[in-house]
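Engineer: Could you build all of it, start to finish, from the sequences and the hints given here?
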Amino acid sequence: MLVTLAILIVFQCMGEGIAHAFLLSIPGPVIGMVLLFIALLLSPRLMELVEQSSHRILKHMSLFFVPAGVGIMVSVSGVIQHWFALVVAIMVSTLLCLVVTALTMRFFFHTQPEQASHPIEPSVNSTHKDRSSL
1 MLVTLAILIV FQCMGEGIAH AFLLSIPGPV IGMVLLFIAL LLSPRLMELV
51 EQSSHRILKH MSLFFVPAGV GIMVSVSGVI QHWFALVVAI MVSTLLCLVV
101 TALTMRFFFH TQPEQASHPI EPSVNSTHKD RSSL
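Going by UniProt numbering, the letters in the sequence shown line up with residues 1 to 134, in that order.
Incorrect hints may appear among the rest.
[As the list claims (entries may be wrong)] Using C-beta positions, here's what the derived DEER-type ranges look like:
no.	residue 1	residue 2	range
1	Ile18	Leu46	31 to 37 angstroms
2	Cys97	Gly71	20 to 26 angstroms
3	Val66	Val100	28 to 34 angstroms
Keep in mind the hints are simulated off the structure, nothing from the lab.
The structure presented is a predicted model; accordingly, all values stated were derived computationally and were not measured.
Glycine included, every Cβ here is placed at the ideal spot set by N, Cα and C.
Structural biologist: The following block contains the structure:
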């Protein structure tokens with residue numbers, strides 16, 4: 001588990017370094033996550049190392065939401081002051097997510113080959129009786 005945490009921290013630090021070095025507006029952890037994704041695709045050994053203990057980390061995923069909740073509670077005056085903008089942003093982003101998901105599904109369903117319209121003939125080893133003997 002320590003190896004997995006070390007790998008995650010190394011990729012996060014690499015992302016932070018890239019974000020600061022190139023003055024990017026993308027957060028470092030996001031860049032690190034993309035780098036980790038690419039590394040996992042290219043290295044099956046790294047995938048095995050991370051996969052072994054990642055399930056234990058995911059069991060405690062709810063703990064990662066505690067800082068966000070505390071941040072909202074601390075800045076409740078800002079939330080109250082900008083409640084309308086927050087509600088609009090949440091609704092628009094949810095609607096946008098639904099539309100993009102629907103369009104993506106439509107695209108992938110139309111690009112799949114169609115199923116054969118004729119029924120599949122039973123095989124020789126099938127338990128169905130031969131119709132010619134009726």
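Engineer: Does the Cβ distance between Val66 and Val100 fall inside 28 to 34 angstroms?
Structural biologist: holds (29 angstroms)
Engineer: Can the suggested window of 31 to 37 angstroms be confirmed for the beta-carbon pair Ile18 and Leu46?
Structural biologist: violated (19 angstroms)
Engineer: Please test the hint of 20 to 26 angstroms on the beta carbon pair from Cys97 and Gly71.
Structural biologist: Taking Cβ atoms as reference, Cys97 and Gly71 lie about 23 angstroms apart, which means the hint holds.
Hint compliance for this structure: hint 1 alone is broken.
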